[in-house]
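Chain order of the listed sequences is B and P.
The numbering of the first sequence is our numbering, which starts it at 1 and goes up by one.
The numbering of the second sequence is our numbering, which starts it at 351 and goes up by one.
Simulated from the structure, these hints should not be mistaken for laboratory data.
Beta carbons: idealized from backbone N, C-alpha and C, even for Gly.
Hints are not guaranteed to be accurate.
[As the list claims (entries may be wrong)] Per the computed footprint, the stretches of chain B lying under chain P, defined by three or more beta-carbons under 8 Å from a beta-carbon of chain P, are:
1. 38-47
2. 300-314
[To be verified] With a cut-off of at most 30 Å between alpha-carbon atoms, the simulated DSS-like pairs for lysine-lysine come out as follows:
3. Lys363(P) / Lys33(B)
4. Lys528(P) / Lys513(P)
5. Lys451(P) / Lys33(B)
6. Lys419(P) / Lys390(P)
7. Lys33(B) / Lys486(P)
8. Lys528(P) / Lys451(P)
9. Lys9(B) / Lys65(B)
10. Lys419(P) / Lys49(B)
11. Lys495(P) / Lys455(P)
12. Lys396(P) / Lys419(P)
13. Lys61(B) / Lys486(P)
14. Lys390(P) / Lys363(P)
15. Lys396(P) / Lys49(B)
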Amino acid sequence: MDSAFIIEKSIVILVVFAITMVMAMYSTLAERKVAAWLQDRIGPNRAGKGGILQPLADGLKLFAKEEFEPNTPNLFLFYTGPAIAMSTALMTSAVIPWGDKIHVFGRDVILQATDIDVALLYVFGVISLGVYGIMIGGWASNNKFSLIGAVRAASQMVSYEVAMGLSIIALLMMTGTLSLREIAAQQSGMNWNVFYQPLSFFIFLICAFAETNRTPFDLAECETELIGGYHTEYSSMKMGFYLFAEYANMFISSTILAVLFFGAYNYPGMQWVVENWGVNIGNVIGIGVLFSKICFFIFFYMWVRWTIPRFRYDQLMHLGWRILIPLSILNIIITGVVMLRSEIAVFLGF
Amino acid sequence: MAIETISLSGRKKQVSHKEMSFLERMYLIAIFKGLWITLKHLFTRKVTIQYPEQVREMSPVYRGQHQLKRDEQGRENCTACGLCALSCPAEAITMKAAERKADEKHLYREEKYAEIYEINMLRCIFCGLCEEACPKDAIYLTTSKLLVASSYEREDFIYGKDKLVMPLDVAMQNTQLKNAN
Numbered sequence: 001m002d003s004a005f006i007i008e009k010s011i012v013i014l015v016v017f018a019i020t021m022v023m024a025m026y027s028t029l030a031e032r033k034v035a036a037w038l039q040d041r042i043g044p045n046r047a048g049k050g051g052i053l054q055p056l057a058d059g060l061k062l063f064a065k066e067e068f069e070p071n072t073p074n075l076f077l078f079y080t081g082p083a084i085a086m087s088t089a090l091m092t093s094a095v096i097p098w099g100d101k102i103h104v105f106g107r108d109v110i111l112q113a114t115d116i117d118v119a120l121l122y123v124f125g126v127i128s129l130g131v132y133g134i135m136i137g138g139w140a141s142n143n144k145f146s147l148i149g150a151v152r153a154a155s156q157m158v159s160y161e162v163a164m165g166l167s168i169i170a171l172l173m174m175t176g177t178l179s180l181r182e183i184a185a186q187q188s189g190m191n192w193n194v195f196y197q198p199l200s201f202f203i204f205l206i207c208a209f210a211e212t213n214r215t216p217f218d219l220a221e222c223e224t225e226l227i228g229g230y231h232t233e234y235s236s237m238k239m240g241f242y243l244f245a246e247y248a249n250m251f252i253s254s255t256i257l258a259v260l261f262f263g264a265y266n267y268p269g270m271q272w273v274v275e276n277w278g279v280n281i282g283n284v285i286g287i288g289v290l291f292s293k294i295c296f297f298i299f300f301y302m303w304v305r306w307t308i309p310r311f312r313y314d315q316l317m318h319l320g321w322r323i324l325i326p327l328s329i330l331n332i333i334i335t336g337v338v339m340l341r342s343e344i345a346v347f348l349g350f
Numbered sequence: 351m352a353i354e355t356i357s358l359s360g361r362k363k364q365v366s367h368k369e370m371s372f373l374e375r376m377y378l379i380a381i382f383k384g385l386w387i388t389l390k391h392l393f394t395r396k397v398t399i400q401y402p403e404q405v406r407e408m409s410p411v412y413r414g415q416h417q418l419k420r421d422e423q424g425r426e427n428c429t430a431c432g433l434c435a436l437s438c439p440a441e442a443i444t445m446k447a448a449e450r451k452a453d454e455k456h457l458y459r460e461e462k463y464a465e466i467y468e469i470n471m472l473r474c475i476f477c478g479l480c481e482e483a484c485p486k487d488a489i490y491l492t493t494s495k496l497l498v499a500s501s502y503e504r505e506d507f508i509y510g511k512d513k514l515v516m517p518l519d520v521a522m523q524n525t526q527l528k529n530a531n
């Protein structure tokens, strides 16, 4: 491992980290703006031009607020909860291919922090660790309502994890790899997976909403029933971490949706651009394309949030266990039959 | 016409209890319809009034805080007849009459005046009936946007003459303006 490689990876990691943070930060502003626009309002516009400094002002307020601790025997866990939520939200971005490669100083820089073969499994593993942040937070709050909220959130996330995992299997059967980089590369041209696996995409989308605790599946925070849910007892930046983790999760799941189903950094005519204008320009446009796809999904999250009311808990569980899981199993069977149609024809003697 | 079918607004609809079809039970079409509606609102005109820069236009019949008027010579109009208190549906007005002294002719127009005149702002509904009832043009509801200041004490909401009577200098100014015209 030469030093250039280490420098290159360090820069990529730093940039990815910064981008995740900035995207999560400005998602909070975008959320408020989109909410306002959908409700015929203008939204925050006092801090900076068009409210551009609003996230900074919000952050400053959260840091300056009074720290409050409940009388809990587990103060350590109380502080660990938001930290886990935040770190799991930020860990996932390590395996996401942000672009193909860039040619600088005679080296091919791969625009990915690390290219592991089981990237998708890693993503799923880290996402499911996010339950711990919520569960520990709810438990250590020493508050019954927080605990109920945390249990609700945890059971919801566990339930939808199953459907999510099953929905992705059909895609994996088709692509034959767990590496996000290869999945992205396979979709060059317009071979986006969403055209081949629409049902899988649809189930994955619904599960992603549930995994990020976004409306209509935001049962973890139910003002009327549970005060505030698992973060009732949290104040100042600890609360901010939970909210921030939600936005970071939203960004990451938008990214994964874009990479898995919407062709990642690929765009029509990419081959031509790379051949005629050079590798760098082609791939920088690719990064822009990926980010526009991500931004669309983030907008979609907000759009849905301000359209659809929250589910009831039994409806949520019904949807997860009795509709999405059978549907994804059906999808696996259909995919299998389509993939093995010649073998099946031979077997049946056609 | 049967009584069940009469609809004054023309919007009456019979509730149907029919079973939802499979498509309807998927809710997907309904969800997309909802998304389409909210998307359309993204591009409609915003109704926000940005307060310090823009001020909402008040209705011409807006009624703000009360004021007890003075005439051109700065004398209080009110003669404490009690008609305003009588007409007040919320029974917010109380007053106590007193007789004018010889040396107070410059203060009060009539021989009787209101020694105490109080409006309980917690009861007042700003209906304007006191204004209509007044035979002496004494009480008016102004277009002042300042309605009732907030307070923790109940007593603070009982507005006496100190808050209700038009200040003397304002009356003087009005007279000067009138003469100038």
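With the threshold set at 30 Å, check whether the alpha-carbon distance from Lys419(P) to Lys49(B) stays at or below it. Distance of about 47 Å is beyond 30 Å: violated.
**Message:** With the threshold set at 30 Å, check whether the alpha-carbon distance from Lys363(P) to Lys33(B) stays at or below it.
**Reply:** Measuring from Cα to Cα gives roughly 37 Å; hence the hint is violated.
### Message
For Lys61(B) and Lys486(P), compute the direct alpha-carbon distance and say whether it is at most 30 Å.
### Response
56 Å, violated
| said: Between the alpha carbons of Lys495(P) and Lys455(P), is the straight-line distance 30 Å or under? | reply: Violated, at about 33 Å.
Q.
Please verify whether Lys390(P) and Lys363(P) have alpha carbons no more than 30 Å apart.
A. 27 Å, holds
**Request:** Sort out whether Lys390(P) lies within 30 Å of Lys419(P), counting only the CA atoms.
**Result:** 52 Å, violated
**Report entry** Given hint Lys451(P) paired with Lys528(P) - CA-CA distance at most 30 Å
**Finding:** This hinted pair holds, its Cα atoms lying about 29 Å apart.
Practice prompt. Could you grab the alpha-carbon distance between Lys396(P) and Lys49(B) and see if it respects the 30 Å cut-off?
Written response: This hinted pair holds, its Cα atoms lying about 18 Å apart.
Open item on the list: Check the hint pairing Lys396(P) with Lys419(P) against an upper bound of 30 Å on the C-alpha distance.
Closed with: Status violated; Cα separation ~42 Å.
Does the structure keep Lys528(P) and Lys513(P) at a Cα separation of 30 Å or less? 24 Å, holds
(Q) Tell me if the straight-line CA distance from Lys9(B) to Lys65(B) falls inside 30 Å. (A) 37 Å, violated
If you look at each residue in the stretch 300-314 of chain B, do at least three have a Cβ nearer than 8 Å to any Cβ of chain P?
With 5 residues in contact (Cβ-Cβ under 8 Å with chain P), the coverage given for the stretch 300-314 of chain B holds.
The structure fails to meet hints 3, 5, 6, 7, 9, 10, 11, 12 and 13 from the earlier list, while all remaining hints are met.
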